[in-house]
Each structure stands twice: as structure tokens, then as C-alpha cells.
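Based on the provided sequences and hints, a complete structural model is requested.
Line order of the protein sequences matches chains A and B.
Note that the first sequence covers residues 78 to 258 in this note's numbering.
Note that the second sequence covers residues 24 to 271 in this note's numbering.
It is possible that part of the hints are untrue.
[Stated by the list, open to error] With a Cα cut of at most 30 Å, we get these calculated DSSO-like pairs of lysine-lysine:
(1) A:K235 <-> A:K138
(2) B:K57 <-> A:K138
(3) B:K57 <-> A:K129
Worth flagging that the hints you see were computed from the coordinates, not collected in a lab.
Since we're looking at a predicted model, the values are computed, not measured.
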Amino acid sequence: MLRYAAGDLEAFQRLYALHRGGLYRYFLRQTNRTVAEELFQDVWARLIQHRKRYRPEASFKTWLYTLAHNRLVDYWRREGRRTVNEPERGVDGYELESADPDPGPPRRVDLRDCLEQLLQLVSGLPDLQRQAFLLRHEAGMTLAQIAEAMNTGAETAKSRLRYAMDRLRSAIARECLESES
Amino acid sequence: MSEHDDRLSRLYRQSSQETPSSQLDRAVLDMARKSVHRKVYSPFGASWLVRGATVGVMVLGVLLFLTMPEQTSYYDVPRDVERPSSRVDEGLKEERIESDEPRLDGTTTKHKQPAMQEDTGLEFHDLLPELEVEAEIPEEKARRRTQQAPLANEPAGTSLATPPVPAAEKKTLSRYIQAGSFRNEQQATDLRDRLTALGYRASIAAVTRDDGAVYYRVQVGPYAQDADAIAARQQLDSLGLETRQLLE
Chain A
78 MLRYAAGDLE
88 AFQRLYALHR
98 GGLYRYFLRQ
108 TNRTVAEELF
118 QDVWARLIQH
128 RKRYRPEASF
138 KTWLYTLAHN
148 RLVDYWRREG
158 RRTVNEPERG
168 VDGYELESAD
178 PDPGPPRRVD
188 LRDCLEQLLQ
198 LVSGLPDLQR
208 QAFLLRHEAG
218 MTLAQIAEAM
228 NTGAETAKSR
238 LRYAMDRLRS
248 AIARECLESE
258 S
Chain B
24 MSEHDDRLSR
34 LYRQSSQETP
44 SSQLDRAVLD
54 MARKSVHRKV
64 YSPFGASWLV
74 RGATVGVMVL
84 GVLLFLTMPE
94 QTSYYDVPRD
104 VERPSSRVDE
114 GLKEERIESD
124 EPRLDGTTTK
134 HKQPAMQEDT
144 GLEFHDLLPE
154 LEVEAEIPEE
164 KARRRTQQAP
174 LANEPAGTSL
184 ATPPVPAAEK
194 KTLSRYIQAG
204 SFRNEQQATD
214 LRDRLTALGY
224 RASIAAVTRD
234 DGAVYYRVQV
244 GPYAQDADAI
254 AARQQLDSLG
264 LETRQLLE
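Written out as C-alpha cells, the structure reads:
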């Protein structure tokens with residue numbers, strides 16, 4: 078990033094190639110395609126605009142996804158969504174739906190059905206849990222980096238990620254997790 | 024991470040394969056390209072094309088200088104050739120005019136231009152005209168007076184020596200610095216992004232007043248310790264921001 082700030086366009090191209098997919102899907106899972114494209118472009122525009130102010134104290138990835146998180150919160154605020162500002166129950170424990178104690182014998186499931194179901198479940202997660210999940214799985218962030226990007230503490234980030242995983246695991250068809258040896 | 028979590032992660036990676044369209048890629052890369060080409064002034068930039076162009080301009084400048092010696096010795100250095108050293112040229116031109124121009128009364132009548140100020144790099148100064156100063160809210164003022172008196176009343180240089188806060192209170196309170204407050208959300212967003220680029224944890228809080236007016240407050244923090252909050256506030260002040268400390 079520092080090289081790009083000094084005028085090295087190739088350095089930007091490498092950064093873009095590395096993060097374009099993850100950032101795009103980060104927005105896509107939380108909005109729709111049109112909005113995802115708008116926010117995706119806007120984040121890169123802001124990054125380009127502020128490139129000379131970048132300080133290497135934070136990693137580039139953390140900075141990029143902090144901008145992305147901020148843009149998403151802005152978008153939700155404009156749309157009148159209030160969920161992100163509500164007190165967070167997840168820190169103290171979400172009421173998870175208990176798994177069926179007797180789910181019966183495993184059925185045969187198609188892999189494509191599992192993949193489709195999982196994407197729908199991710200999109201249906203509570204906002205903050207979904208963000209933690211996406212920062213881990215799309216950006217490949219550590220808990221410390223997730224906490225920084227979401228402007229919260231490490232323990233809170235850990236809780237959000239844990240509750241997201243618990244929800245997905247309990248909601249997805251059992252066969253999807255057991256079909257792989 | 025359990026075996027099922029691993030399987031879940033693998034499954035997600037299999038399912039999540041979308042990428043931005045080529046149009047979107049082009050739009051972003053074009054933005055980056057334009058910004059670099061517009062902003063590069065360095066004669067020794069990274070690209071060979073820029074270096075070549077710079078050398079070409081310099082050679083052209085030398086040729087123009089050699090072919091027009093009479094003109095350059097008196098007044099106008101060609102104004103259509105803009106070079107990084109234009110400030111030096113200005114100074115030289117002024118020196119030449121002073122030494123060559125006949126003095127009628129033997130006194131010095133020229134007024135030298137004041138020296139240009141060094142670029143401090145503190146780009147937040149250009150935000151200051153856009154910053155809106157909030158009127159003090161009586162309730163908040165009273166609250167801050169009772170809660171933050173030791174911090175707010177300390178002179179900047181000695182504020183680190185604040186009275187000790189009980190350990191339990193230190194752990195529970197979250198300290199935020201307000202870096203600006205705007206009626207215009209876009210201005211707030213811009214300031215927050217600038218602060219983020221500088222490595223601060225900045226966020227926006229929309230606050231609706233009793234009269235219905237919505238203000239977008241740019242906040243930095245939270246800080247667990249007074250000393251951290253005060254240090255951050257001093258840094259932000261030095262950037263030309265009019266800060267306030269909030270306690271939540």
C-alpha cells in the first residue's frame with residue numbers, strides 16, 4: 078500500500094487481485110448484487126482517495142475491511158436498519174435453537190443443495206455474527222483483526238464468531254456435515 | 024474448532040466463489056490509474072514512462088532556455104512549462120529583477136514576497152471551515168462537568184497527572200473522543216474514513232436533538248484508560264480538530 082501511495086500502480090493491482098473476491102462476497106452475502114457492487118466500488122474509491130494517509134500500524138487487510146464495515150453500517154443506517162445499533166445479546170449468550178434429539182437416519186443429500194443451503198443460512202445470520210463469520214472466512218482474519226475491523230474487543234469478536242458457527246452447525250442439514258469422510 | 028466446524032468452513036469455501044464482474048474490475052483499476060497519473064510529480068517516479076516524460080520535459084526546457092537567452096535574462100521564464108522547481112525559479116527571477124533594474128532615487132523600493140509556508144502535511148486543516156461547532160447542551164454540560172471535571176479542566180501539558188480513578192471504575196467506563204459533529208452525514212463519513220486511514224478506531228453516532236435536528240458525531244475510541252484517551256485527544260487536537268471528550 079505504501080508503494081502504491083508513492084505512485085506504484087502495479088502494487089495496487091496486486092493488492093486488488095488479492096482482495097477483490099473476498100471483499101465482493103463480503104458485501105454480496107449481506108446485501109444484494111446491485112448494492113454489493115456499489116459498496117465494493119465505493120470502498121476502493123475511498124481507499125484510493127485516502128491512500129496517502131495510510132499508516133502501516135494496521136495491516137492493509139484490516140484497514141480495507143474496516144472501511145468495508147463502516148460503509149456497510151452507513152448503508153444500513155441510510156436504509157433505516159437499526160439492528161447494528163441494538164444492544165448485543167450475543168455477548169451474554171444467544172438463545173440457540175436446540176438440535177433435534179432424534180433426527181432419524183441420515184438421508185442422502187446433494188452437495189449442491191448443501192452449498193445453497195449454507196449460503197442462505199449465512200445470509201440469514203444476525204448482522205454482527207454474519208460480519209464476524211465473513212471476516213474470518215472471506216478475509217481470512219484472526220480474531221484480533223476481526224475485533225479491530227468491527228471496532229470491538231477480542232472477546233466480543235470471539236463470541237460473535239462462535240455463535241455464528243453454532244447457529245450454522247445447528248441449522249444446516251446434518252447430512253451436509255457428515256457426508257464427507 | 025470441532026470437526027464439524029472444519030467441515031462447515033470447507034463447505035462454505037466451496038460454495039462461495041462469486042467474483043466481481045470484469046466491468047467492476049475495470050472501473051476500480053481505472054480509478055487507481057487516474058489517481059496515480061494525476062498525482063505523480065516526482066521526477067524519479069516508479070514508472071519508466073514517467074521518468075522518460077520528465078527527462079523529455081527537462082531537455083525541452085534546457086533547449087528553450089538556450090534558444091531564448093535574452094528573454095530569460097530579464098523577465099519571463101516561460102510560464103507554460105511547469106516544473107517542480109518553480110518556487111526556486113520565482114526566487115531567482117526576483118533576484119535578477121532587483122539587481123538589473125535601475126534605481127532612480129538610490130533607495131530600495133521593492134517588497135519581497137513573504138516566504139511560502141512549509142507544507143505541514145496536516146491536511147485536516149482543510150476540514151476546519153466545514154466543521155460545525157455545536158452549541159453546548161446544558162444537560163450534557165452538567166453531566167460532563169460532574170463526570171469529567173478532572174480531565175476537562177487540566178491544562179494540556181499537565182493533563183496526564185489526573186487524580187486517580189478507582190480501579191473498578193476504570194474497567195467499566197469507556198472513553199470516547201468526539202472529533203467532529205456535522206449536520207451533513209457525508210462530511211462525517213469523510214472525517215471518519217480519514218481517521219481510520221490514520222489508524223484510529225473511528226465511528227459515527229447519529230444523535231437526534233430535542234428540536235429534531237440530527238447530528239452525525241465522529242467518535243474515536245473507546246479507550247479504557249484516561250491516559251490513552253487524553254493522549255489520543257492531544258494527537259487529534261494537533262491535527263487541527265476541535266475535540267471533546269465523551270464518557271459513556
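Here is how each hint holds up against the structure:
Of the pairs offered as hints, the one joining K235 (chain A) and K138 (chain A) holds, with about 19 Å between alpha carbons and a cut-off of 30 Å not exceeded. For the proposed pair K57 (chain B) and K138 (chain A), the alpha carbon gap of about 23 Å is at most 30 Å, so the pair holds. Between the alpha carbons of K57 (chain B) and K129 (chain A) the distance comes to roughly 15 Å, so the proposed pair stays at or under 30 Å and holds.
Of the numbered hints given earlier, the model fails none.
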